[in-house]
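2 protein chains.
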Amino acid sequence: MNIVESLRALVDETAVLDATTLATRSAGAHRADTLTAQAMVRPSTTEEVSTVLAWCHAQGIGVVTQGGLTGLVHGADASTAEVILSLESMRRIEDIDVRQRTATVQAGVVLQALQEAVDAHDLIFPLDLGARGSATLGGNAATNAGGNRVIRYGMMRDMVLGLEAVLADGTVVSSMNRLIKNNTGYDLKQLFIGSEGTLGVITRLVLRLREKPQSHQAALVAVESFDAVANLLKHMDRSLGGALSAFEVMWQSFYQLVSTPPAKGQPPIDAGFPYYVLVESLGADREADSQRFNAALETALEHGLIADAAIAHSDADVQAFWALRDDVMQVTVGGAPVVFDVSLPIVEMEAFVARLRAALPQEIGEHRLWVFGHLGDGNLHVIVQVPAPDYLALRPRIEALVYEGLRAFSGSVSAEHGIGLEKKPWLPISRNPNEIALMRTLKQALDPKHILNQGKIF
Amino acid sequence: MNIVESLRALVDETAVLDATTLATRSAGAHRADTLTAQAMVRPSTTEEVSTVLAWCHAQGIGVVTQGGLTGLVHGADASTAEVILSLESMRRIEDIDVRQRTATVQAGVVLQALQEAVDAHDLIFPLDLGARGSATLGGNAATNAGGNRVIRYGMMRDMVLGLEAVLADGTVVSSMNRLIKNNTGYDLKQLFIGSEGTLGVITRLVLRLREKPQSHQAALVAVESFDAVANLLKHMDRSLGGALSAFEVMWQSFYQLVSTPPAKGQPPIDAGFPYYVLVESLGADREADSQRFNAALETALEHGLIADAAIAHSDADVQAFWALRDDVMQVTVGGAPVVFDVSLPIVEMEAFVARLRAALPQEIGEHRLWVFGHLGDGNLHVIVQVPAPDYLALRPRIEALVYEGLRAFSGSVSAEHGIGLEKKPWLPISRNPNEIALMRTLKQALDPKHILNQGKIF
Numbered sequence: 001m002n003i004v005e006s007l008r009a010l011v012d013e014t015a016v017l018d019a020t021t022l023a024t025r026s027a028g029a030h031r032a033d034t035l036t037a038q039a040m041v042r043p044s045t046t047e048e049v050s051t052v053l054a055w056c057h058a059q060g061i062g063v064v065t066q067g068g069l070t071g072l073v074h075g076a077d078a079s080t081a082e083v084i085l086s087l088e089s090m091r092r093i094e095d096i097d098v099r100q101r102t103a104t105v106q107a108g109v110v111l112q113a114l115q116e117a118v119d120a121h122d123l124i125f126p127l128d129l130g131a132r133g134s135a136t137l138g139g140n141a142a143t144n145a146g147g148n149r150v151i152r153y154g155m156m157r158d159m160v161l162g163l164e165a166v167l168a169d170g171t172v173v174s175s176m177n178r179l180i181k182n183n184t185g186y187d188l189k190q191l192f193i194g195s196e197g198t199l200g201v202i203t204r205l206v207l208r209l210r211e212k213p214q215s216h217q218a219a220l221v222a223v224e225s226f227d228a229v230a231n232l233l234k235h236m237d238r239s240l241g242g243a244l245s246a247f248e249v250m251w252q253s254f255y256q257l258v259s260t261p262p263a264k265g266q267p268p269i270d271a272g273f274p275y276y277v278l279v280e281s282l283g284a285d286r287e288a289d290s291q292r293f294n295a296a297l298e299t300a301l302e303h304g305l306i307a308d309a310a311i312a313h314s315d316a317d318v319q320a321f322w323a324l325r326d327d328v329m330q331v332t333v334g335g336a337p338v339v340f341d342v343s344l345p346i347v348e349m350e351a352f353v354a355r356l357r358a359a360l361p362q363e364i365g366e367h368r369l370w371v372f373g374h375l376g377d378g379n380l381h382v383i384v385q386v387p388a389p390d391y392l393a394l395r396p397r398i399e400a401l402v403y404e405g406l407r408a409f410s411g412s413v414s415a416e417h418g419i420g421l422e423k424k425p426w427l428p429i430s431r432n433p434n435e436i437a438l439m440r441t442l443k444q445a446l447d448p449k450h451i452l453n454q455g456k457i458f
Numbered sequence: 001m002n003i004v005e006s007l008r009a010l011v012d013e014t015a016v017l018d019a020t021t022l023a024t025r026s027a028g029a030h031r032a033d034t035l036t037a038q039a040m041v042r043p044s045t046t047e048e049v050s051t052v053l054a055w056c057h058a059q060g061i062g063v064v065t066q067g068g069l070t071g072l073v074h075g076a077d078a079s080t081a082e083v084i085l086s087l088e089s090m091r092r093i094e095d096i097d098v099r100q101r102t103a104t105v106q107a108g109v110v111l112q113a114l115q116e117a118v119d120a121h122d123l124i125f126p127l128d129l130g131a132r133g134s135a136t137l138g139g140n141a142a143t144n145a146g147g148n149r150v151i152r153y154g155m156m157r158d159m160v161l162g163l164e165a166v167l168a169d170g171t172v173v174s175s176m177n178r179l180i181k182n183n184t185g186y187d188l189k190q191l192f193i194g195s196e197g198t199l200g201v202i203t204r205l206v207l208r209l210r211e212k213p214q215s216h217q218a219a220l221v222a223v224e225s226f227d228a229v230a231n232l233l234k235h236m237d238r239s240l241g242g243a244l245s246a247f248e249v250m251w252q253s254f255y256q257l258v259s260t261p262p263a264k265g266q267p268p269i270d271a272g273f274p275y276y277v278l279v280e281s282l283g284a285d286r287e288a289d290s291q292r293f294n295a296a297l298e299t300a301l302e303h304g305l306i307a308d309a310a311i312a313h314s315d316a317d318v319q320a321f322w323a324l325r326d327d328v329m330q331v332t333v334g335g336a337p338v339v340f341d342v343s344l345p346i347v348e349m350e351a352f353v354a355r356l357r358a359a360l361p362q363e364i365g366e367h368r369l370w371v372f373g374h375l376g377d378g379n380l381h382v383i384v385q386v387p388a389p390d391y392l393a394l395r396p397r398i399e400a401l402v403y404e405g406l407r408a409f410s411g412s413v414s415a416e417h418g419i420g421l422e423k424k425p426w427l428p429i430s431r432n433p434n435e436i437a438l439m440r441t442l443k444q445a446l447d448p449k450h451i452l453n454q455g456k457i458f
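Note that the protein sequences, when read in sequence, are chains Y and R. So that you can map any letter, position 49 of the first sequence is 49 in full-length UniProt numbering, and since no number is skipped, the others follow by simple counting. So that you can map any letter, position 226 of the second sequence is 226 in full-length UniProt numbering, and since no number is skipped, the others follow by simple counting.
The following block holds chain Y by itself, in its conformation from the complex (with noise of 0.2 angstroms):
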């Protein structure tokens, strides 16, 4: 059986790619490797994913669904034995509901396009991260993604209103619901948020749109102590009033790396402090707003919260902070990088990261050690560079003195990047036994057959 014949005869001729045309494709951002796959198939309905998937399910074959390709755990690759489903050719934007403040999508729409056209009707799409002009929004809710506004907004899970899914023998599953309140039984769109693609194909999204800020606020600002920072976080929430939009801390290193040639980012505040903190809000009124920011900052100072602080004056002193706080390639420099993801009770971070600090020497030698995270909603991303000639031999010595080093805190292995791959033997720090059976048996119930994203996850 020829697979590519097959699947041409059963969508658009040229919607099929075979091998060969795959091997001259990137296998994803920041990747060096192409892909792999017996096909890549590129249907552009739902009707269509449906055909191609009951049709690898009859001849039982793996399926694994590409997005963007941005993911970071490995959670999208292929064998050489499967076929991919790229949703490349579904990024139709069906409806803004300005009123109702709604969009339906195809999962291929690119999550840039979405913020883009809605900007048009002063609504916002809230779900920002780096990869924006890449990664789509079927992958966002895939892999329920984070990203930089999580404490205002919440994950990519908190907004989607609907969902379109087809399951692994083709069964189309749509539940485009645009109510936000719907207690009609099982709320089924859950089972395929964050799932990875192991328990259907998400083709369709509804949703939640916000109304756009109309102000932004932003101070990055030093902090003498761990208790002081998680002390400012409740301060400026509580201050805010709802408006609080993005907390980041840096701790020292990270700051200093990024704000210290080759980096091109300038320190705003000197460079001796033991932490720093992005302060970000997003409001109605810029004066009304700019004076409750600035009032809470005076606040945390006179507290002792704050040792010293820099106030964004300008849109262009707002990109300049995140510049800095997002110039992660300097971690690439001098040596290689291994990159965690992880979240844990903000009580324990400085303990947790205390104690890697003082293992890291013993156990691994040479190294350099950079901490910084979306500290609002517990997830830090904790970076040990080694020298390049080392990675391969001390990765996993470094992974198991990370991860073993959250059992303790009772802390996740990922915050938000996923399981994928690459976190797969982590996973039960994570998740006791019987969560992993329970996901067997939603697994088994649901693709029985094991043809969808084999592999991945547990």
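Hints were generated in silico from the structure; no laboratory data involved.
Identical copies go unnamed one by one, so any copy, or any two together, can satisfy a pair.
Computed cross-link-like contacts, SDA-like style, restricted to lysine to any residue with a CA-CA straight-line distance of at most 20 angstroms:
| hint | residue 1 | residue 2 |
| --- | --- | --- |
| 1 | Lys-212 | Gln-319 |
| 2 | Lys-443 | Val-172 |
| 3 | Lys-234 | Arg-210 |
| 4 | Lys-234 | Glu-302 |
| 5 | Lys-443 | Gly-60 |
| 6 | Lys-212 | Lys-234 |
| 7 | Lys-234 | Asp-97 |
| 8 | Lys-234 | His-121 |
| 9 | Lys-443 | Asp-187 |
| 10 | Lys-212 | Ile-151 |
Given the structure is predicted, the values throughout are model-derived calculations rather than measurements.
Could you slot chain R onto chain Y? The hints should help.
Showing chain R alone in chain Y's frame:
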């Protein structure tokens, strides 16, 4: 086999009540009947819940879980063949973490008890509803409760970080996540939230707390058209920059009902307008927030979005406005009410109500129609009152009119109350056959012997 004796051998003897004792207990709020069942067992730990379920599972005995018995859809009714599992002995607030802003509770804790416990720490648990004094947090989770502040804080689903549930066979799935971001495999808690006790028994919860708002603004406004109501929602939401907490609309006849004797409420503004809206915001600073709130109302007045407004100048005013909105018992004066809890897109509401208003006289004759609801989240309460003697005969016809009327607008037959037994016949109006089939697949996978809350939902 004597079930009562068998259960008494499994748990503390006093934790098991027999059928005779149950017949002296009310079946729930607003109900005239008493409890029926073979027995009621009241475990005090998760382990006891597990032991009881494992035994019932082995015997093939149906189990109905009960919380505070405040449900409105007969979702916790038991038959004489079933065992009631009551969470009333699991009322321990295990932990309040002020910095992480989480509460860990047993499922039988009453909503108001948690509200009061966290208030002492200057935090809130933002779920709020009329039955707060008896509804349990486990019941709130099992039914995905909504309430008065959904536009600001979401439904119960959005407030649960982790949970522990016992499956039908007694397996304990403890997924007590305390983290806002945790993408480690399937989000299992979603299965149990809103599934009305049909997939497992929720025994413990980790709940997300919020900083306590420092100020409170409210106004009752009159609006000339439904178009203006919808635009007012957008205007207030945008102008208040995240602080809008309620947007409760009353159609004229409901406003007149609750502000005219025998109702005790006084009308703060003239009762001749077609629509009234109770707008509320929760903020951080009394003076600044009041200024902003009043300015937003002034702009609305200038733009013709509102025709008149009464602004609350004290907490007593706020309470008086809410007392009008909450005086739903007036609908029982002079007749018998059929009460609905539906949701539909805001753009469709006016047409839906107009069609219903036109159809009622010819279909059912003498009646009164009242409409009000949480417009901010699409949720309408529709109440049709008929002469008491005609109630039983007319009720099915009224249900058919309201629910069939929703079909054309992709509405939901249950915005927040759930399906239970009462709305089971109408589920297919809001959910398609493939959705219901997938619900059955999940039920079969998690409870293959169908012992949990038999016959509810579908």
